[in-house]
Every structure is written in structure tokens, then in C-alpha cells.
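For the sequence shown, the working numbering gives the first residue as 1, with consecutive numbering after it.
Note that these hints are calculated values from the structure, not bench results.
A few of these clues could be false.
What the hints assert, rightly or not - DSS-like cross-link-like pairs, simulated, lysine-lysine; straight-line CA separation at most 30 Å:
hint: 1; residue 1: Lys-411; residue 2: Lys-520
hint: 2; residue 1: Lys-47; residue 2: Lys-277
hint: 3; residue 1: Lys-411; residue 2: Lys-277
hint: 4; residue 1: Lys-520; residue 2: Lys-404
Said to hold, decoys possible - Pair ranges (Cβ atoms, derived):
hint: 5; residue 1: Ser-35; residue 2: Ala-68; range: 31 to 41 Å
hint: 6; residue 1: Thr-515; residue 2: Gly-192; range: 31 to 41 Å
hint: 7; residue 1: Arg-158; residue 2: Gly-445; range: 23 to 33 Å
Ideal Cβ positions, reconstructed from N, Cα and C, are used throughout, including at glycine.
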Amino acid sequence: MSPQVAGLLQLTALIAALALAYRPLGDYMARVYSSERNYRPEKWIYKAIGANPAAEMRWPAYLRGVLAFSAVSVLFLYLMQRVQGSLPGSLGFSSIDPDQAFNTAGSFVANTNWQSYYGEQAMGHVVQTGGLAVQNFLSAAVGMAVAVALVRGFARSRTGELGNFWADLVRGTVRILIPISVIGAIVLVACGAIQNFSGIHQVGQFMGGTQEWNGGGVASQEVIKELGTNGGGYFNANAAHPFENPNPLSNLFEIFLILLIPFALTRTFGRMIGSLKQGYAILGAMAVIWIGFTALMMWTEFAHRGPAFEIAGGAMEGKETRFGIAGSSMFAVATTLTSTGAVNSFHSSYTGFGGGITMLGMQLGEIAPGGVGSGLYGMLIMAIIAVFIAGLMVGRTPEYLGKKIGTRQIKLAACYILVTPALVLGFTAVAMALPTPADSMTNSGAHGFSEILYAYTSGANNNGSAFAGLNADTQWFNTTIGIAMLLGRFLPMVFVLALAGSLAEQKPVPETAGTLRTDKPLYAGLLVGTILIITGLTYFPALALGPLAEGLAS
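With the hints as constraints, model all of the structure from the sequences given.
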């Protein structure tokens with residue numbers, strides 16, 4: 001069987017698995033966020049934090065809950081790293097430096113999981129499991145809560161109430177993320193991922209020296225890092241490490257976990273607004289982009305010409321032979337079209353165009369299907385922009401899901417889509433202009449520029465994957481990427497929740513013969529075109545200096 005056919009079969013199996021899980025999981029999540037019942041463990045949590053789950057919140061109160069909880073989480077995780085040397089189970093590792101502790105704390109709370117350190121050489125069991133893994137659950141639950149608040153903004157009318165943040169946070173964690181993670185961890189252990197709390201031990205001689213590995217709760221952290229579209233890794237090699245991702249079966253399962261909730265949330269969206277067809281339209285736009293990017297990536301990596309590539313069967317540099325080009329390409333697209341950031345190969349070693357595809361996936365806003373929660377609300381923002389453009393074409397006040405899209409709504413949507421490009425391009429320009437940051441580049445020319453552009457693209461879009469080749473463990477990059485991650489996560493949430501509040505206050509607009517049907521393939525096509533055009537106009541000059549220049553020169 002040729003590698004191309006094997007890759008096509010893997011992609012087919014993945015699509016089939018996602019299709020089977022789509023309806024039951026999407027409907028289940030809709031019931032979770034619409035339920036008025038509280039389970040006993042949830043009541044204990046509400047009592048402990050002093051929250052009333054039945055109290056409805058307007059968008060400013062909902063936003064205060066998001067920001068306050070996230071700020072406390074950053075502080076807690078920062079302090080945990082700073083005192084690691086005094087904690088039990090630290091494996092003898094010292095405390096983390098202030099700039100790196102800030103970067104890591106902001107990274108994991110922002111659902112980015114950018115790592116400027118070697119996981120197995122810096123973090124002990126307590127910080128890995130009690131700090132980082134916990135934030136993998138909570139940051140994902142925050143994203144889902146904000147997405148559900150926006151959906152309620154469309155579903156409700158003549159009220160500014162969007163639900164209760166604390167109830168949404170707890171239910172998303174207890175009823176969705178934890179149960180799936182338990183099952184997923186068992187599957188990963190069965191595939192060969194490790195799950196223990198052993199110390200550092202020698203595993204033999206390597207290149208004249210001693211090779212050492214430490215154990216850890218890898219399977220349990222791996223499953224939520226993928227399911228919650230968090231990224232990062234217990235080990236520096238990330239999902240290329242056999243302890244995290246042992247074989248092609250575990251590789252395909254991890255890709256499935258990455259895409260599972262973001263795709264299924266479109267069903268949740270359709271169910272909660274009372275129109276499954278609207279959910280299918282959003283799903284269709286996401287699926288077209290994802291399948292298109294996957295096919296393009298496979299073609300780019302398989303078809304690259306040259307004697308070395310032909311002997312290897314394609315561009316195998318930086319890829320695991322366990323997964324091959326197909327498994328690596330699917331993983332790379334899945335992780336950069338979502339806010340996951342986990343990698344099973346090194347994107348810096350991809351062909352010039354292949355590296356550009358991973359970068360462009362993040363620059364779309366990671367909305368196809370995007371991060372857990374953030375993908376859905378990002379796509380809904382783009383849906384509003386697409387409706388607005390369609391309205392301009394026919395001279396009609398735009399409407400979406402029975403709500404008028406006026407000046408306030410468009411301003412909020414425009415602010416949302418401008419935040420991350422401003423952060424990415426601004427920080428990249430400053431880093432290239434200053435003499436010191438450029439010293440961290442391993443390569444010069446177009447590839448070196450791509451290293452820095454990728455780093456800020458990954459940070460500001462809350463992806464967390466690295467291009468490799470860039471030494472990001474410096475005060476400059478730890479600080480600036482940390483700022484980009486926090487602003488890239490929470491500033492858009494401000495605009496999303498403000499938009500949700502303004503929509504919830506409106507009364508429904510009756511549908512007329514002139515109303516644009518947003519549940520049809522024509523609109524889904526308009527939505528895809530809008531996304532590609534906006535992203536292209538925003539990032540094309542920067543891409544032309546990096547991956548496009550490199551790809552055309554090869």
C-alpha cells in the first residue's frame with residue numbers, strides 16, 4: 001500500500017469517527033448547558049466558591065467572572081512554579097525563573113500552552129499534574145463557557161442575561177471534559193502511553209553519555225491537552241515522544257480528540273438556537289477549510305521534488321517514521337486550525353509552503369474547527385461579518401439568526417478580528433527591528449523571519465506550537481509572547497461577551513422574502529470566502545516575506 005493511499009484511509013477513518021460522535025456529543029453538550037439541575041459534586045464546588053448557579057448574569061458580570069477567575073489562576077500557577085524547589089515531587093528541579101514562570105502561567109491559563117522550557121528537565125510531578133494539567137481543564141472550560149454565552153445571546157431576546165459563568169465553568173469541566181478524559185486516558189494507556197509517578201531513572205548509554213528519563217502522569221495530561229485543544233507536552237518532543245504518542249493508532253486517536261469538541265459544538269449551537277440547519281452551515285464552512293488544508297498539506301509534503309525527497313518518499317525531515325507524512329500532515333493541520341499547539345513533527349522542517357500552511361491555519365483565527373469554545377465564537381463573529389458584507393451588496397440592513405446587525409455589533413466584531421493581527425504583526429515588526437531578539441534565530445533570511453512570525457502568530461492566537469529553531473527562552477520572548485498570549489485570549493472575549501449582551505437585548509426580527517438564508521450552502525460558501533479574503537488581506541505581506549519566499553526559492 002502506498003503512503004498516499006494509507007493517508008487517505010486514515011483521513012477517511014477520522015472523518016467517520018467524528019461523524020459518529022457528532023450528534024450524540026453535540027446534543028449532550030446542549031443539554032448540559034441548558035439544564036437547571038445541579039449534581040451533588042457541583043453543589044459542593046458552588047458552596048466552596050460562594051457562587052449561586054441559578055443567578056443570571058449580564059455581560060459585564062459574566063466578563064468579570066471570566067477575568068477574575070483567570071487572573072487568580074495565573075497568580076496561583078505563577079507562585080506554584082516559583083516555589084517548585086520546595087514542593088514534594090519536584091524531582092530535584094529548582095524553582096522557575098520569574099520571566100519564564102510568568103510566560104508559562106499566562107500560557108496555560110490562556111489555553112495556549114506555549115513552552116519555552118524542556119518539560120522533562122524543568123517541571124516536577126506536582127507542577128505538571130497539580131498545576132499545568134488542572135489549567136488544561138479549566139482554560140478549556142472557560143472557552144466553552146464564553147462560546148455558550150454568545151449562543152445564548154442569539155437564542156434569547158429582550159434580556160441582557162447570558163447565564164451564569166460559574167455554572168457554565170463547573171458543568172463544562174465536571175460533565176464534559178472530565179468524563180471524556182477518563183475514557184481517553186484509558187485508551188492512551190492501552191496504546192502504550194505511560195501513566196505513573198516514578199522518579200528519574202537511567203535507560204542506557206547514548207552517544208557516550210548516560211540517558212535518563214522521568215515518568216509522570218503522561219496519559220492523563222495528554223488526553224486533556226488534546227481534548228481541550230491546549231497543546232504543550234509533558235516532554236520537550238511533545239506528541240513526537242513515544243511516551244506521549246506511541247504508535248499510529250494513538251496518533252489518529254489524538255487527532256480525533258483535538259477535533260471532537262470543536263466540531264460537535266456546532267451541533268450544540270444549532271440545538272440551543274432551535275435550528276440544526278444553522279449549525280450544519282457553520283459545520284460545513286469549518287469542514288471545507290479543514291479538509292482543504294489537510295489535502296493541500298499532504299500534497300505539498302508528498303509532492304516536493306528532489307532526489308532526497310524521492311528516496312524518502314516525500315519530505316520526511318523532522319517527521320517521525322512511526323507516523324509518516326500523512327499522519328504528520330493531518331496532525332499539523334488539526335493542531336494549527338485549532339488552538340491546540342501540540343506537534344508530532346517539527347513544522348520548521350516542513351517544506352516552505354507546508355510551513356506556510358501551518359502558519360495560515362493559525363492566522364485564520366483558528367476557527368476551522370478552532371479551539372474548544374473559541375473556534376465556535378470566532379466562526380460566529382466571521383458569520384456576522386459575512387452577513388454584513390452580503391447586506392452591503394444588496395443594500396439591506398444585515399440580519400443573522402433573527403437579530404439585526406447594526407453599528408454596535410459590527411464595531412465589536414471588527415475589534416475582535418483586529419486584535420490578534422495587531423499583536424502578531426506589531427510584535428514581529430519590533431522583534432525584527434531590534435538587534436537582540438534576532439540573535440535567537442537559528443536561521444537567517446526568509447526562514448529566520450518565519451521563526452519569529454510563527455512564534456507571535458502562535459502566541460497571540462493562543463495556539464502554542466513552535467516552529468523550532470527559535471530560542472524563545474529569553475527575557476524578551478518570555479515577556480512579549482506572554483503579553484501577546486494574555487491579550488490575544490482575553491481582549492477578544494471582551495468583545496464577544498459585549499456582542500452577546502447586545503444581541504440578547506434585541507427583539508427578534510421577523511423573516512421576510514428579502515432575508516438572507518444563512519442555513520444554505522450558498523451562505524456557507526460566502527462565509528468561507530470572507531474568512532480567506534480577510535486573512536489574506538491581513539497577513540499576505542508578512543507571509544510573502546517568510547514561507548512564500550522560501551517556498552518559491554526551493
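Consistency of the hints with the structure:
This hinted pair checks out: Lys-411 and Lys-520 have alpha carbons roughly 26 Å apart, not beyond 30 Å. Between Lys-47 and Lys-277, the direct Cα distance comes to roughly 39 Å. Violation of the 30 Å bound is thereby established for this hinted pair. Simply put, Lys-411 and Lys-277 have alpha-carbon atoms about 27 Å apart, close enough for the 30 Å limit, and the pair holds. Distance hint between Lys-520 and Lys-404 is fulfilled; the C-alpha atoms sit about 19 Å from each other, no more than 30 Å.
Roughly 25 Å separates the CB atoms of Ser-35 and Ala-68, a value that falls outside the hinted 31 to 41 Å. Checked against the hint of 31 to 41 Å, the C-beta distance between Thr-515 and Gly-192 comes to roughly 54 Å, which is inconsistent with it. Between Arg-158 and Gly-445 the Cβ separation comes to about 58 Å, which falls outside the hinted range of 23 to 33 Å.
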